[in-house]
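**Q** Protein chains in written order, with this note's numbering: chain A, 1 to 293; chain B, 1 to 428.
One or more hints might be untrue.
Derived pair list, reagent style DSSO-like, types lysine-lysine, alpha-carbon separation capped at 30 angstroms [unchecked claim]:
no., chain 1, residue 1, chain 2, residue 2
1, B, K150, B, K173
2, A, K227, B, K420
3, B, K349, B, K326
4, B, K233, B, K420
5, B, K263, B, K326
6, A, K45, B, K214
7, B, K233, B, K173
8, A, K45, B, K233
9, B, K173, B, K349
10, A, K227, A, K45
11, B, K150, B, K263
12, B, K349, A, K45
Simulated from the structure, these hints should not be mistaken for laboratory data.
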Amino acid sequence: MSTRQRSRWGLAPIAGIAIILYAAFLLWPLVSSFVTSFTNSSPLKATSSFVGADNYVELFQDPRLYRTLGFTLVVVVFVTVVSNALGLLFALLLNSPSRNYRVMRTLVFIPQVLSGVIVAFIWRSVLNQNGLLNSTLQSMGLTDEAVSWLGTPELATFSICVVVSWMTIAFSTVVYTASLQSVPSELYEAARVDGAGALSRFRNVTFPMIAPGVTISVTLCLITTLKLYDIIAVLTGGGPANSTQSLAFFLVEVAFTENRFGYSSAIAMFLLLLTAVVAYSSTGLLRRREAHL
Amino acid sequence: MTRTRRTVGLALAALGMTAALAGCSTTASTGSGDADLTFMVFETPALGPEFWDQSIENALTDLPDVTVNKIVSPGGDRTAYAKQLQASDQFPDVLASITPRDFLEAGLLEPFDQDWLDENFILPEANDIDGGTYIPPTNSQVLPLVFYNKALFAEHGVEVPETWAEFVAAIEKFRAADVTPLELAGSEPWAASMPLVGLSSADVLGQDPEWIQKRYAGEVSFSDPLYVGALEKARDLVEMEAYDPAALSVDYATANRNFLDGKSAMYPMGSWFTGSSYITPEQAENIGAFPWPTDDGSIVVPFNVGGTTAVSSQSEHVDEATSFAKAWSLDPANLTVLIETDGAYPMFKDRSIEDFDVSVSGLYLDTYAYVTDENSKVSSFGWVNNNDSLAPGMNDALYALSQALFSDGDVAAQAAQLDKEWDAAVGK
C-alpha cells in the first residue's frame, strides 16, 4: 500500500463521521418527514395511519398556504433585491486595504453573526410604540404620534423585510468584498488607459468579474429568506392577525397548535421543493449570465 | 501506521464527545429515590429557578423514594413544548400549567381522584373535563378585569362605569381629553384578545352560560346575533379610537408601564396584574378595578380556576408522579408565592387568604372580593381548563381575530371564519 493510499485510508474515519452526521441529521429527518407527509401522524399519538396524498390535496386547497406563500415571496423578493444592492454598494465603499476600512467591514458584518432571535429582540425594542424609531421621529417633528410599525399588515411586513435585510446585507457585503478583492488591478489600469470612466469601469470590469459572487449571494439570500422563522416568531408572532406568517411559521403552527405532524410534513416537503426549485433556477440563470459576461 | 491510529483515535474522541454532548440535558435533579420523575416547569421573573427548586424540595419531603428532574420550558408556551417532548418520546411525568384538553384525546393525562379533590378544594369540579380533573383547582383568577387610574378618573370627572353605555361615555371623554382611554398590549396576541375575552364572557356567557357547550353540540354558532353582537362591540372600540393608534405595536411590558405611568386611563387585564411582579403597593393605591361592563350593569365575573400540576398517564411511575403532584399542589408555600407575585386567589378548602402569611395590596383584596362575593360568575372565555375550554387551536384563532378587528370591520365574515375553524378543530 503506497503512502498516498495509507493517507487516504487514514482519513476514512473522519469522512465516516461526516457521513454519519449527515445521514443522521439531514437524510434521515428528510426521509422521515417525507414518509410522515403521507400519514395522519400527530405529536400526541404513538400510532398513525397512511392517508395517501390527502395531506397534499388539502394543502393545495388551503387558503392559508396561499396567504403565507404570498407573504414569504414578498419578503424573499424585497430582501434579495435590497440586500444585494446595498451589500454591493457597501462593498464598493469599503473596498480598501487600509486598517480603518477593515474595521468598518468588521462592523458591517456584525448583524450576520448575531442570532436571529437576538436581532428580532433588538428590533422589537426599536419598533415598539415608545421605541427608538418613534422617539426619534417624534423628537424631529416628523410625526405627531407613534407609528404602529408592527400593527398593520403592510407596515409589519415592511418592518420584517427591513430587519431581515439588515442581517443579510452584512452577508452580501462580505461576499461582494471578497469578490471585489479578487478582481486583478491590471484590468482597471487597462480600462483607465482606454479612457473608461468610473461608471464604465464598474459596468465593464467590476460587474462581470464579481458575477460568481452575485450568484452566491443571491442564491443564499433566497434560501435564507424562504425558510424564515425566528425573526417572525419574536418580532410579530405571525401577527397582526396572522398577516406575517411565513411558510415555515405556518408549518410550525400546524405541527404544534393543530397537532398535525402529517399535514405539517406535507408543508415541509412543499417548502423544500420550492426552495430547491428557486435555488436551482436562480443558480442556473445566474451561471448562464456569468458565461455571457 | 502511527498516523492512521492517531486519526482513528481523534475520530473516536470526536464521536465520544458528540455522544457525550448529545446526552447532556437541561435538567436539574432533586431527591434520591427509586422513582425518577421528570417535571416540566416554566420560569418567569416571579417564578425563577429558586422557586421551582425549593418547591420541588418541599414536595419531596414525604416522598423519600422519589427523584425529580426539572425540565424548563424554553418559552412561555408550555403546551407547545410539552407536545414537542411527546413527539420525541420525552413526555414528562409531571407538567406545570399546560392546557389539558389538547392532550386528552390521546389519553396522555391521568385524572386526580375525586375524593382528594373534594377533600382539599373549594370548587373541586371547577377543572372538570368530561368527568375527569387533570389540574388541581388550587387557585383562581378573574380575567379580564378593567383596571383604572383613580387620579385620571378624578381629574377628568369620570365615574367608574357600570354599564356599557357609561363605559363608552368614559372612553369618549378620555379621548376628547387626549388621554388614551384603553391600554392594550396589542403586539402580543393573547393580550390583544383581552377586550374580546371580556365581551365574550360578559355578553355571551353572561346571557347564556352554556354557550360553549352548545357550540360543541352545534346548537349555536359564532355567526349567531349573540356572538356577533360581542364582535361588533369589539370593533366599535377600535372605531371610537379607544386604543392608541400604535396599540398593535405595544408589547406587554410597555403596556404595563404605560398604564402605571398614567399614559392611559383603563387597562383590561387579568387579575394577576394585582401581584407584586406587576405593581408596587404604592402604585396599587392609585389603581382600581371593575368587571367588564354589561348592557344592563349587572355584574358578570369572567372566572378561571387554575392550578399547576398535571400528571402523565404514560409515566412509568404514575402513582409516585401523582403523589408528587398532589404534594406540590397542597404546599401552602407555593400558593403564598403565587398570591404575592401573581395575584392568585386561593381555592383551598378551610384556608382563607388570612390563613396565608402574605403581604398583598388593597387592590388585590378589593378584586378578591369578586371571587368571594355572591355574584354571577362565568367561565373566562378561552382561559378555563374545564368543559368550557375551547377546541384545540381556537384560542389562537380568537387572538388573531382580536388583531384583525383593527383593520377589518367585516364582523360577519370574521364570525363565519371562526365557525369554520371551530368545525375544523373538532373534526366536523
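**Q** If a hint holds in the structure, say so; if it doesn't, say that too.
**A** Each hint, compared with the structure:
For the hint pairing K150 of chain B with K173 of chain B, the CA-to-CA distance comes to about 15 angstroms; that is within 30 angstroms, so the pair holds. With a C-alpha separation of about 29 angstroms, the suggested pairing of K227 of chain A with K420 of chain B holds against the 30 angstroms cut-off. Pair hint K349 of chain B plus K326 of chain B holds up; C-alpha atoms about 15 angstroms apart against a cutoff of 30 angstroms. Our distance criterion of 30 angstroms between C-alpha atoms is met by K233 of chain B and K420 of chain B, whose separation comes to about 22 angstroms.
With a C-alpha separation of about 44 angstroms, the suggested pair K263 of chain B and K326 of chain B falls outside the 30 angstroms cut-off, and the hint is violated. For the given pair, K45 of chain A sits about 28 angstroms from K214 of chain B by alpha-carbon distance, which is consistent with the 30 angstroms threshold. Straight-line distance between C-alpha atoms of K233 of chain B and K173 of chain B comes to about 18 angstroms, which keeps the hinted pair within the 30 angstroms bound. For the hint linking K45 of chain A to K233 of chain B, the alpha-carbon distance of about 41 angstroms lies beyond 30 angstroms, and the restraint is violated.
Distance hint between K173 of chain B and K349 of chain B is unfulfilled; the C-alpha atoms sit about 44 angstroms from each other, more than 30 angstroms. Note on K227 of chain A and K45 of chain A: the hinted pairing holds, with a Cα-Cα distance of about 27 angstroms set against a maximum of 30 angstroms. About 13 angstroms separates the Cα atoms of K150 of chain B and K263 of chain B, which keeps this hinted pair within 30 angstroms; it holds. The hinted pair formed by K349 of chain B and K45 of chain A fails the criterion: a straight-line CA distance of about 37 angstroms is larger than 30 angstroms.
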